[in-house]
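Colleague: Residue strings, one per chain:
Protein chains: 4
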Amino acid sequence: MGELPPQVQNLAGQLQQVQQQLQLIISQKAQLEGLIKEAKDALDELQKSESDVAYRAVGNVLVKLKKEEIEKDLQEKIETYEVRRNMLERQEGKLRDRLTELQEKLRSALGVQAG
Amino acid sequence: MGELPPQVQNLAGQLQQVQQQLQLIISQKAQLEGLIKEAKDALDELQKSESDVAYRAVGNVLVKLKKEEIEKDLQEKIETYEVRRNMLERQEGKLRDRLTELQEKLRSALGVQAG
Amino acid sequence: MGELPPQVQNLAGQLQQVQQQLQLIISQKAQLEGLIKEAKDALDELQKSESDVAYRAVGNVLVKLKKEEIEKDLQEKIETYEVRRNMLERQEGKLRDRLTELQEKLRSALGVQAG
Amino acid sequence: MGELPPQVQNLAGQLQQVQQQLQLIISQKAQLEGLIKEAKDALDELQKSESDVAYRAVGNVLVKLKKEEIEKDLQEKIETYEVRRNMLERQEGKLRDRLTELQEKLRSALGVQAG
Numbered sequence: 001m002g003e004l005p006p007q008v009q010n011l012a013g014q015l016q017q018v019q020q021q022l023q024l025i026i027s028q029k030a031q032l033e034g035l036i037k038e039a040k041d042a043l044d045e046l047q048k049s050e051s052d053v054a055y056r057a058v059g060n061v062l063v064k065l066k067k068e069e070i071e072k073d074l075q076e077k078i079e080t081y082e083v084r085r086n087m088l089e090r091q092e093g094k095l096r097d098r099l100t101e102l103q104e105k106l107r108s109a110l111g112v113q114a115g
Numbered sequence: 001m002g003e004l005p006p007q008v009q010n011l012a013g014q015l016q017q018v019q020q021q022l023q024l025i026i027s028q029k030a031q032l033e034g035l036i037k038e039a040k041d042a043l044d045e046l047q048k049s050e051s052d053v054a055y056r057a058v059g060n061v062l063v064k065l066k067k068e069e070i071e072k073d074l075q076e077k078i079e080t081y082e083v084r085r086n087m088l089e090r091q092e093g094k095l096r097d098r099l100t101e102l103q104e105k106l107r108s109a110l111g112v113q114a115g
Numbered sequence: 001m002g003e004l005p006p007q008v009q010n011l012a013g014q015l016q017q018v019q020q021q022l023q024l025i026i027s028q029k030a031q032l033e034g035l036i037k038e039a040k041d042a043l044d045e046l047q048k049s050e051s052d053v054a055y056r057a058v059g060n061v062l063v064k065l066k067k068e069e070i071e072k073d074l075q076e077k078i079e080t081y082e083v084r085r086n087m088l089e090r091q092e093g094k095l096r097d098r099l100t101e102l103q104e105k106l107r108s109a110l111g112v113q114a115g
Numbered sequence: 001m002g003e004l005p006p007q008v009q010n011l012a013g014q015l016q017q018v019q020q021q022l023q024l025i026i027s028q029k030a031q032l033e034g035l036i037k038e039a040k041d042a043l044d045e046l047q048k049s050e051s052d053v054a055y056r057a058v059g060n061v062l063v064k065l066k067k068e069e070i071e072k073d074l075q076e077k078i079e080t081y082e083v084r085r086n087m088l089e090r091q092e093g094k095l096r097d098r099l100t101e102l103q104e105k106l107r108s109a110l111g112v113q114a115g
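So the protein lines, in turn, are chains A, B, C and D.
Per this note's numbering, the very first residue in the first sequence carries number 1; after that it's consecutive.
Per this note's numbering, the very first residue in the second sequence carries number 1; after that it's consecutive.
Per this note's numbering, the very first residue in the third sequence carries number 1; after that it's consecutive.
Per this note's numbering, the very first residue in the fourth sequence carries number 1; after that it's consecutive.
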């Protein structure tokens, strides 16, 4: 890259950074979506049960709790996860815009150089 | 491989591709067979129990359900897995035939070249 | 090793093979001892319980069984594991003897060569 | 490093060793803190339950025990973990002091060499 003008090197560096940030956010979003799915699956399962109690595992201990208490906790968890997920989604959108912008700038800078 | 005639290179490339597809299918089949075994083991275990209820874990929540409901779900799961497993088995058979065919073509192409 | 006489190369090859077999057996033994410990821990835990039933997990299904049935299964498991563990221990002993023997032969072969 | 005086090489070697010991202790401390947190979470969970029994998992067996017995075991575990954690903390402190001391000695030794 020693041959490339500093402006192009600078744009390429920014582009790489934005791509790395984007990848991190995409993987964090996927993780949160996994947690949301798991909590929703647990809620669905609880609704199939006729019992008004269920167990919750913490480490190797299984504790009997009221079904409604577990449901409330799961709903709160889902809300918290969804807030975070939506925040990440907004960040992802901004990074994608920034990526497009940088790619255009880079193309144009390379065009100028080639011309 | 620059020394090999294009026909041989082409066959060798196809052979490699078929071997990779075969490996993927074998590993997917093994995974499904694991799932089928686990579901069948759970069914066996339920049949040993005198209780008409059992628990099912979703994440860290354990939900009390009717034994027959869990059994029905397990049977459906097994059927779905077996359909997919059988599809993979047919694909595996076809790929093994294709592998033999390519190996023969390659042997014959190499024989012609050596002669 | 091209400089070493064939007899020494042969002994070194056998030594390496025996060492690999020994390592495999040691790791299989450690695995079995882990399983034996886990089953014994479960037996101990069952003996602390005042209930005459307990649950056993198969995949994500938890099945209620008589305590004595689970205890019987655990005892059988432990016996099976211990038989296998003892077999491995005998194999380990033989391999250790073979290792010592090969090391002595190798030392003596190298001594002859050096002299 | 062949150009460096033996005293500097010696200090650099000691420094590296202390850094490795420090890293090991930090990771052991983090592991213990994870175990302490898990046991405390289980205690909290048990306090939310209205039942006077709970289950404890050993391998795939879930055993019904008195809540107070599980609580007592958890409290003992926490105490044991905390004693070990505090020991590691003291060792960490000593190693950090030793690290600072070695860094100063190394700086001064390199200063002498440069002067």
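Incorrect hints may have been included.
[As the list claims (entries may be wrong)] Simulated restraints on C-beta separations: (1) Q31/B x E82/A: 29 to 35 Å; (2) K48/C x R98/B: 58 to 64 Å; (3) L4/A x Q14/C: 58 to 64 Å.
The hints are simulated quantities; they were obtained by calculation from the structure and are not laboratory data.
Glycine is no exception: its CB is placed at the ideal position from the N, C-alpha and C atoms.
Colleague: Would you pick out the hints that fail for this structure and give their numbers low to high?
Modeller: none
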